[in-house]
Amino acid sequence: MLKIDRKTVVAVTAGLAATFHMFAAYSPFTALIQRPIHLAFMAILGFIGADLFAKGPEPSRSSKYFSILLASLTVISCIYLVSQNQVLVSRSGSPTTVDLIAGGITILLVLELARRFTGYGLVAVAVLALAFAFSGPYLPGVLAHRGYGLTRLIEHLYLSTEGIWGIPLGVSAQFVYLFILFGAVLDVAGGGALLIGLADRVAGKTRGGPAKTAAVASAFMGSLSGSAVANVVTTGTFTIPLMRRAGFRPYFAGAIEAAASTGGQLMPPIMGAGAFILATWTSIPYGEVALAAAIPAILYYVALLMAIHFQACKMGLEPSTQTRDEKVWPRIHLLLPLAIIVIVLVQGYSPMRAAFWGVTSALAVTWVRKDTRLKWEDINRALQSGAKGAVQVAAACAAAGVVVGVASLTGIGLRMSELIITLSGGNLFGALFLTGLGSIILGMGLPTTAAYVVLAALGAPALTELGVPLLAAHLFIFYFGCISNVTPPVSLAAYAAAGIADSPAMKTAFTAVILASVGFIVPFMFAFGEGSSPLLLQGSPLEIAQALVTGVAGVTALAAAGIGFFRRPVVPWERLLFALSAGTLMLPGWETDIAGATLFCLMFLRK
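Per our numbering: the sequence shown ends with 607, consecutive numbering throughout.
Hints listed in this document are in silico derivations from the structure and should not be mistaken for laboratory results. Values in this document were obtained by computation on a predicted structure and should not be read as measured data. Just so you know, even glycine gets a beta-carbon here, dropped at the ideal spot from N, CA and C. Careful, some of the hints might be misleading.
As the list claims (entries may be wrong) - Straight-line alpha carbon distances no greater than 27 Å define the calculated DSS-like cross-link-like pairs of lysine-lysine that follow:
no., residue 1, residue 2
1, Lys205, Lys314
2, Lys507, Lys7
3, Lys64, Lys7
4, Lys314, Lys7
Said to hold, decoys possible - Using C-beta positions, here's what the derived DEER-type ranges look like:
no., residue 1, residue 2, range
5, Thr592, Gly316, 47 to 57 Å
6, Leu108, Thr161, 40 to 50 Å
7, Pro59, Gly499, 40 to 50 Å
8, Ser135, Ser94, 21 to 31 Å
Generate the whole structure from the sequences, applying the supplied hints.
This is how it looks when you write it as C-alpha cells:
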C-alpha cells in the first residue's frame, strides 16, 4: 500500500509543481516565496521519489518512512520561511530560536538531498565551506578571517537571499524547471526521435554518418537536458550501437557520444542550467549570452565532426546507403516550440517567459497530429521525467548556495582572487590556467551547475581584475566546468558511455578528451581578447569573420593532428605541424593567422 501511495504522491506533486512554476512564470512571486516553495516541491519529489526515479531495488520500509520524514521536515521549514518573509526585515540581526532551528534543519536537509542526487563531492565542498566559516581565526595567511558563530551563519544562509535561497536556486526555480519540463514534453511526444532523424538526414549518408548523426543529435538533446551524463544514457543507448554496427570500435563510439553530449551544454539557444545562472549572476541578458556562445559552440562541433570524418576515412569506412525510417516530416511541427523560444528570447523577454511559452506551445503542437498527441499517461510520464531532472539541478543549486553564502559572508572570493593573482605573478595565462585547472578539478566531482557557481564566486573576480571581460571570464569557467565531464580520472560522461559501449572506461575517457580537446583551447582564445573578443561576437564584422574562418581552419588542423589523418594517414612529424598550425591559427592577431594559414595550406597541398 505504501508503494502505491508513494507513486501517487510523486505523480500528484509533479503535477502541482508544474502548475505552480507555470503560474509563477506568468505572475512571479518574491524570492523568499518562490524559492522555498520550489525547494519544498523538489524535496518531496527527491526524498520520496528517488528510488522510483532510479528504478532501483525496493528500499526497506524504515527507509521509506525516513525519506517521508525528511521530505516533511523540508516542507515545514520552507512553509515557515514563507510565512515569516514579511517580518524578516524588521527582526534582521535578531533571529528567533525557531528561526535557528528551522534554518539548521534546512541546511542539513539540503546537504542530504544533494548527497542523494549528486553524490558526496558537492556535499564535501559545502561541509568544507561551513568548517571554513567557523575556523577563520585559526587559519593561516590569506585564508584567515574573523570567524562566524552558528547563529550568524544560519541567519545568513537561511534567512537571506545570500545563501540557500540565492541566485543558483533562484535560477532553478525561475528558469531551469520549466526548460527541463519543456524538454521532457518534447521527448515524450517524439521530439528526440525527430532530432535524431533530422541529424541523420543531414549527415547519415556521409563517411562516418552514424557517428556524425550521434554528434549532431546529442548537441541538440544535450542542450535541452543540460546534463552530459543524462544525455549519454538517453541518446547513447540508440547511437552507440548504431556507431558500432557502422564499423567504429566500441571505445571510439563511446568517446564520440561522451564528447558530443558534453558539448550539448555549450550549444545555444538552451545551454542547460549553468548558462541561466551565468546570465543572472553577471546581469547580462540571456539572449546576449546565447549569441556570444554561438561561434565557440560551432567550433567545438566542427572539430568533433572533422575528427569523426578523419577517423572514418582512416578506417576506410564507406558512406552508408541504408535507408532509415525516422518519421521526420510527420513530426516536423515539434520544432515550432523551439522556434518560439528563440523568438521570445530575441525579442528581449526573460528566459522565464520564454520557458512558459515554450511549454505551452509544446503541449499545444502535440495535438496537431494524432501520432504525437499526448495521452494522460504520456503527460504524467513527461511530468515525472521533468521532475527527475529538475530535482537533480535544484539539489545541486541549493547546496551550492551554501558555498556561495559562506564565500559572501567571509569574503573568501576576494582572497582567492588575490591568491590566484599572486600565484600567477599577475600573468593572464597563468591565472587562466589556474582557474581552468580549478574548474576541471571541481567539475570532476560536481555537477556542471555547482562547479560553475563555486568558481564564479571564487575565480572570476581574479580574471576580470586582470582585464578579461566579464562575459568572457564567466564563459571561460563555464566551459571548463562542462569539459570536466570527459576529463579523467572522474569523467562521468565517458564512464557512462563506456558502460553502454562495453568498452574500457579509461580508454574511452582519454579518447573523449582527444575528441573534445578544442573545448580546452577555445576558452583561452576568447579570454585573451583585448577588451573584446570576436569569437563572442564582440567586434567589427570583419574581425568576427576572421575569427570564425581561422577558428574553423584551426580546429580542422587540430582534428587532423589528434586523429592522424588528413586526406591520407599522416606521420608523427606531420601531426606536429598540424598541431602547430592549429595553435597559430587560434592565437589572436593577423601575424599568427597568416603564419598558421600558410602552414595549413602547405600541409593541404602536400601529397
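Here's how the hints hold up against the structure:
1. Lys205 x Lys314: Since the Cα atoms of Lys205 and Lys314 sit roughly 17 Å apart, the hinted pair holds (cutoff 27 Å).
2. Lys507 x Lys7: With Cα atoms ~40 Å apart, Lys507 and Lys7 exceed 27 Å; violated.
3. Lys64 x Lys7: holds, 12 Å
4. Lys314 x Lys7: violated, 52 Å
5. Thr592 x Gly316: 47 to 57 Å: Distance hint for Thr592, Gly316 is violated at roughly 36 Å.
6. Leu108 x Thr161: 40 to 50 Å: violated, 20 Å
7. Pro59 x Gly499: 40 to 50 Å: violated, 24 Å
8. Ser135 x Ser94: 21 to 31 Å: Roughly 25 Å apart at Cβ, these two residues keep to the hinted range, so it holds.
In summary, the numbered hints that this structure violates are 2, 4, 5, 6, 7.
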